[in-house]
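**Student:** Chains as they are written, first to last, in this note's numbering: chain A, 767 to 1070; chain B, 2 to 500; chain C, 2 to 257; chain D, 1159 to 1789.
Just so you know, the hints here were simulated from the structure itself, not pulled from any lab data. Mixed in with the good hints, there may be bad ones.
Said to hold, decoys possible - Using 27 Å as the maximum straight-line C-alpha spacing, the simulated DSS-like pairs for lysine-lysine come out as follows: (1) C:K7 x B:K314; (2) B:K303 x B:K314; (3) C:K27 x C:K48; (4) A:K1041 x A:K960; (5) A:K1041 x D:K1736; (6) C:K7 x B:K315; (7) D:K1587 x D:K1289; (8) A:K960 x B:K315; (9) D:K1742 x D:K1289; (10) B:K112 x B:K124; (11) B:K303 x C:K27; (12) A:K960 x C:K7; (13) D:K1672 x D:K1289; (14) B:K303 x B:K315.
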Amino acid sequence: MIALVVILVVALFFIGIVNRTKSLLGGRVGPGLFQHVHDVVRLFRKGAVISTTSSIVFRLAPTISFVAILMACTLIPFGTQPALLPFQYDVVAFAYLLALSRFVMILAALDTGSPFEGMGANREGIYGMLVEPAFFVVFGSLAILTGHTSFTELFSTLHVGSGGVSILISVLAVYVILQIAMIESSRLPIDDPKTHLELTMIHEVMILDHSGFDLGLIMVSSSMKFALFGLLLANFHLTPSAPLWLLLIIAFGVNIVFAMTVGAIESFRARNRMKRNPQFILTLTSVAVLIYFSVLILTNKLVL
Amino acid sequence: MITIHHLPLAVRLDEIPVVSVEEAFACINQYLRVGQSRHVFHMVALPHTDGHRVITVLADDHTHSVSLTSCIVRTGNPVPSLTPSNAQMHIFERDLWERYGLEFTDHPWCKPVRFPVDSFHRKGIDDYPFFRLEGGESHEVGVGPIHAGVIEPGHFRFQCTGEDVVHLEIKLGYQHRDVEGELERARTLQRRSVLAESIAGDTTIGHAWAHAMAIEVLTEQQCDPITEHERVIALELERMAIHVGDLGALSLDVAWQLGSSYFGALRTPLINFFQLWCGNRFGKGLIRPGRNRFPLDEERRKAMRLMLAQFEKKFTLLANEMFSLPSVVARFEGTGVVTHDQVAAIGAVGMSARMSGLGRDIRRSHPHGSYRALDHVSVIEHGGDVLARAAVRRREVDASMRRIRIVLNELSEMSGSDAPTVPSTFTPNTLAISAVEAWRGEVVHVAVTDQDGQIQAYRIKDPSMHNWFALALAVRNNEISDFPICNKSFDLSYCGHDL
Amino acid sequence: MLQSLKILATTGRQTIPDVTTATLPKSYRGRPVISDTTCATDCTMCKDHCPTTAIAITDHHVSLDLGACVLCGECADVCPEQKITFTNDHQLATNDRSALIIAEGNVSGISFDPNLVRSEITSTFGSSLKLRQVSAGGCNACELELNACGNVNFDMGRFGIEFVASPRHADGIVITGPISLNMSEANQICYDAIPHPKIIILTGACAITGGIFANSPALQRAYVDTHHVDLYVPGCPPHPLTFINGILTMIRSRRT
Amino acid sequence: MRLTFMVACVVSLVIAFVTSIPAVTVLVTGMAWSADIGSVTYVADSFSAFMVLVINTGSVLAALYGVRYLADDPDGRSLTESILHGTSFVALHAAMIGVVISSDLYSLFYFWEAMSISSFLLVLFDARQTKARTAAIRYILQMHIGAVGILVAIGFVSSAMGGVTYSLVHDYAASHQTWIVLLPLAVAFAMKAGLFPLHSWLPDTHAAAPSHVSGLMSGVMIKLGAYGLIRFGLLTDPSTELGTVLLVIGIATALFGIVNAIGQRDLKKLLAYSSVENMGLIVMSVGMAFIARGIDAPYIEIAAWSGVVLHILHHMLIKAVLFQSAGNILHGTHTRDLNNLGGLIHTMPGTVNLLLLGGLGISALPGSSGFVSEFPMYISGIKTMMMSSTSISMLGVFSVVTLCLAGGFAIIAFTKAIGIGALGTARTKAPLTAHDPHWTTRFPQWLAFGGALFIAVAPGMFIRALSGVLYGLSEKHIPHDLLTTLDTVGIGQAVLIIVVGIVWLLRMLATRTKPVAEGPTWGCGFQEGDARIQYTATTYADSTIEIMSPVTDVSVSYRHIDPADMFPRTRSYHTEEKDLIANKVFDPLAIGVERVLRALAVLQSGNMRSYILYAFVFIVVVVVLTLAEVL
């Protein structure tokens, strides 16, 4: 329960911090921390224009996508505090809920019959597919390491500094999850939410035709997705012995650092050429495989 | 064919030879066969008793000369097209076809250019025959007229197979507001000047200067050297401002925030200097026939030197970073290549030619004003890709900065004389041509007066007329997601093309 | 990375801290002022030299329509009485078309009528406003200035005001250019694609009256005549400060 | 036509009813059923009983759909054709039941042949089309290559053991080299199951067959290949090695199938390749179970078997939904080419809704039966990863990566099928004039979907009900926490569906008072809307095919624009998707064989003198060889 609250609170300011960081590093004042919230409130108040080409799929997709992300949030624990709906192998459900969100948004994009949205949909499908092996290999490796297969149990024993966890594995795992978070949230270097060009975007171009409440819902979903991964990263750092207030501080601290990292990355580098993206994502899988072998060595399982 | 050295020029209409269509076309073919040093400047049609008198203006970069020939094309009497042998003629012939209904028997691509209000064919803007891939397996992407960013309208039609672009066709005309017609109808110098400044807001100085020169030559007035020097500064400052802005825009399109922010910030002092100088950030209101309205006095020269010094430091730092950042260079390198042969074939001008090794530069080939005394060296790159275009911009900023400093120093040792009064009627039955190397390339203005000394035809050629085709070629066989940086690297004018 | 940090350090924060009080150099040609000195008999120099139709002379009284004025300053140059002068005041935007007509002796700034602002504008867009720009036959100068609004110096984004790609995401349309015939239909399509409530902002003399192109046969300005305009931003092109301050005044206005 | 098939449908129902009662009894009591008919013994243990139920459900769904589908058939059929079709249908149903209750290789062979021939006749339904004829003939040829495998096995076993009952097969395998009997049988089963690289008959046949038959073949018949592999795998005391081989083949099949599904623009071929993928996943899971048995990991084994059983059920139901939707679309638009479709959701909403739900299911997304059936596979995969042996652990990694990649590819494939086929705007006139068929065609679809939904929300219940089957396969009881996990997943799925409903209601409430306008899709203000500005089935697959080019075979016919050609003339762009194996291996092989035969045909000159010459040469050779004491 506490995890869900943390995710919702982080979702409120996460994008704000990313943008604040970017503003700071771009030499400008920039929008306020809660500009994102203002934007959503405005959208919830607005009417909508719906394409005559589109169907119920287009209208329903943001709702399903939102619920899928919401359900994914219920799987994430907060340190030793269990998640709302923990069960064995919920890692699988987590990945598939994100896939569900992707599936319906792709269909909604194709529903409009616009070439740009088709383009975004196509890219989203491919990159989403390519990123999954890395996710599963990392969490499989962590399962080997801890002997647990649900997020709740996994993080109740695993955190930086817990016995037997080498710093290397944590660092690599955090790196991979960070990159997955960036890809899933359509940020640099795969996608750029700020370019505003139909031909180069992935996620943003898929929602070109959504308006009003539905668009607001999509924006809420994407901030929650960020917070979701933020908490996932934070869980690596939540030591069970610490008091709750300290854990909260750590969790928010990790999220703030995460957001600032995203902002910094987006300030200092350019995005990839589109055709380089698959290669980039596959590199991530090889890092995941590296983690897997490190874990095997660490648990004395590697017999050659 | 009549050949004249030095621009701007004024020539009496009856001095331009009138030959048969076949002879004229053979003559043009002959002229252009010499090679890349020659290209077509403009093609103007004037109404004639039983058709149109088509005057072709050709330029030779080596001999610094311009040649004119003309022929009478009768209405409803198809003539052979020059395009199959010289691709660069296509846009002018299409213009004649669209505007006056002149028919060409073998033009391979006779399609509307800008859907003008006085079009012969009266076609609506949504009636355009796009090139298509048959078979229903490839798809098209249509972008525009309203683009994602705050930019001008134009429609791009891509023939795609997945992420790859097979062919791009560009349909323009949305910005058409009949500037040429308004210039012909205008009766005061003020109105003409403001209209000329509104041809393309990003080339205010270039067009205003070309217009002023055309009027000056039609009224046989000379500007004093100070005025000419100040115009050089204005033109180079405009070049710098746009190039810096475009480097920022290129950074934005590859999502490099640092570049987009700080190049954007670096453009500000440049255009703010215009604001300090003439009260407008784009230099509107500065250049008038025969004079500049706002002097570049000692105080402003000092401010400019200071501004340039600060600018240079930051610009060098940022540009070095841009051209050494792997993620940026990886996006630019090899993207949107237009080869030297292609550039030469389509008659590209200005920086769109210079990025692929074709040194076409009015400041060198047909110098005007103070450029005659300055031995100009053009910036030339050979890659033909986005990186080459970015590099041309970067190096031209540096070159312009040096040029401005030299001219500033010369200015402080010059003393002025009174500006001439420019009359509002002109030499009758005359054709005047002026050309300015604006930041995109050659801006050519052609003014033709009638027997009353009033302007009967005013024709403007923005460099974009030639160069849009280069963009179409650049995108072929590229990824569609690279189109924005290709487009931005050329940064062509929609309104200059649509007029 | 080090290089990037060096750039950050040398350039630093560029933003104008407070746009509402920022001033421009004296040489900037902003709001014109017409003094109430009497003209020489039958002198129409200013009207004759005006490149647009901004200046009207009725009963020897000169008035200037900022909606048509391109701020070239030619009238000030030719007036033998120096009756017309240009100040550096950039706060020119208003929601009241009549406020743009500057009469003799009117030295105060351009007035803004908060009572004309629709209530849904202040209630919905108070801290977030996304705009879709339509460029319809202008010369690209307005577009460049609108782009400049979002740059580091003017940083319009800090007020939650941004230009967006899709009209579906937008709350209003910003029109630049005199609306060419070829662009009129696309403009209408774009407006129709914006969800309610939505606003219309006309930017630049061209958009407001047609400006220098007012009499061109290639225009189709029925759209402007048939829709309620929420904000006029005069100028040729309007300064970024003019645009930002105009919008801020509108979304922050309180009815009296 | 309609009447004859109705009779077939009734007969099929009767068969289903009659056979289901003993099958259910077996499942409930856990006692095997057996009967002697003549000298042959038929046995149905719990696994057979389960398969009988699967066969019955699939056949009944197909029969119900077929009645209406054939009524809407545009082509007139003769009475003979109709009777042949109806009879073949019933024969197929019966033959399939026969296959799973056989207890000796002879009867297996007879039923196997009956199954192949009856399904061949069913595929031939559209024999007037060359494509259907070619596909059917290829199918029957390949099936006979498989059948030879069974004959070979019979030869080995009967010569060594004097009989061919399954228990003798077991004894033979125990006393001889296992692979001698297993390999020829495996060829037969793998051929039927459409396992890589023996799958190439499957897409063409499925596309050519009438849709109720495609659904039946894909949903049920090819599963019998898996049945055979499981049955005989278990008979031969499966080892880790056998498991690994099956796992690898399964992985190859799954990935090859789904990647090629993306490449297809024929809707039914796309579905067919997706069946290849699902067979791959099933076989992979079987392999996993065998591995687990070999290393004595009961939890993994049970999880893998649960995956197999649930996936067989899920795939049977969902493929029925999908193929029947495809049938409706084919009848409505007279095309299966996705490049000619689009916008069907406006003209055929009833059909497209089912296509959507089926697409969610087949992509194994949360809220669907596919998710619960792949979930135990993930459990077995991750659990295997956690095993102590490095090589076993890596097999786990491979299976997990395969599952998630297959899931990702399936999303691309089915967003293509639905998004390009049913959404957006119509690419040709065909979809514009289409309309939903009579509701009765959708009745079996909803029935099937209802079943799938039931699995989705109550997987634990199914596993409990099928505990006998799992016990029969693994001889182990289901661990309690596996059941709890599956129960939680089921509840989670139900919660997901309910929360979607709640949020949707809230959204309706929140937007009730908001002004909603309708307009064209935002196309940058361009006036002329055009169906050409949409991704096509070909271009949507383009990027994936490019990345996966080693396992796909798409030929492009297009004349490139010369760089010097400024004003290109109109040209066409055409692609053709082929099956890599069929095109690069089997076809050249067939052509080679044909070439050899043709070369030999030169001898057949028709000239009497040459025959005399041959006879002479023959005699000389024989004499020479005899003299040399070779003969």
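**Student:** Decide, hint by hint, whether the structure agrees.
**Tutor:** Status of the hints after comparison with the structure:
Note on C:K7 and B:K314: the hinted pairing holds, with a Cα-Cα distance of about 12 Å set against a maximum of 27 Å. Distance restraint check for B:K303 and B:K314: the Cα-Cα separation of roughly 17 Å lies within the 27 Å cut-off, and the hinted pair is therefore satisfied. For the given pair, C:K27 sits about 25 Å from C:K48 by alpha-carbon distance, which is consistent with the 27 Å threshold. Taking the CA atoms of A:K1041 and A:K960, the gap is about 20 Å. The hint holds against a cut of 27 Å.
A threshold of 27 Å between alpha carbons decides the hint, and for A:K1041 with D:K1736 the separation of about 25 Å falls inside it, so the pair holds. The suggested pairing of C:K7 with B:K315 holds, with an alpha-carbon distance near 10 Å, which does not exceed 27 Å. Using a Cα cut-off of 27 Å, the hinted pair D:K1587 and D:K1289 holds, with the two alpha carbons roughly 24 Å apart. The suggested pairing of A:K960 with B:K315 holds, with an alpha-carbon distance near 25 Å, which does not exceed 27 Å.
Taken as a hint, the D:K1742 and D:K1289 pair is honoured in the structure, with Cα atoms around 20 Å apart against an allowance of 27 Å. The suggested pairing of B:K112 with B:K124 holds, with an alpha-carbon distance near 11 Å, which does not exceed 27 Å. Only pairs whose Cα atoms come within 27 Å are accepted, and B:K303 paired with C:K27 is accepted, the gap being roughly 17 Å. Only pairs whose Cα atoms come within 27 Å are accepted, and A:K960 paired with C:K7 is accepted, the gap being roughly 24 Å.
Taking the CA atoms of D:K1672 and D:K1289, the gap is near 54 Å; set against the 27 Å cutoff, the hint is violated. Note on B:K303 and B:K315: the hinted pairing holds, with a Cα-Cα distance of about 19 Å set against a maximum of 27 Å.
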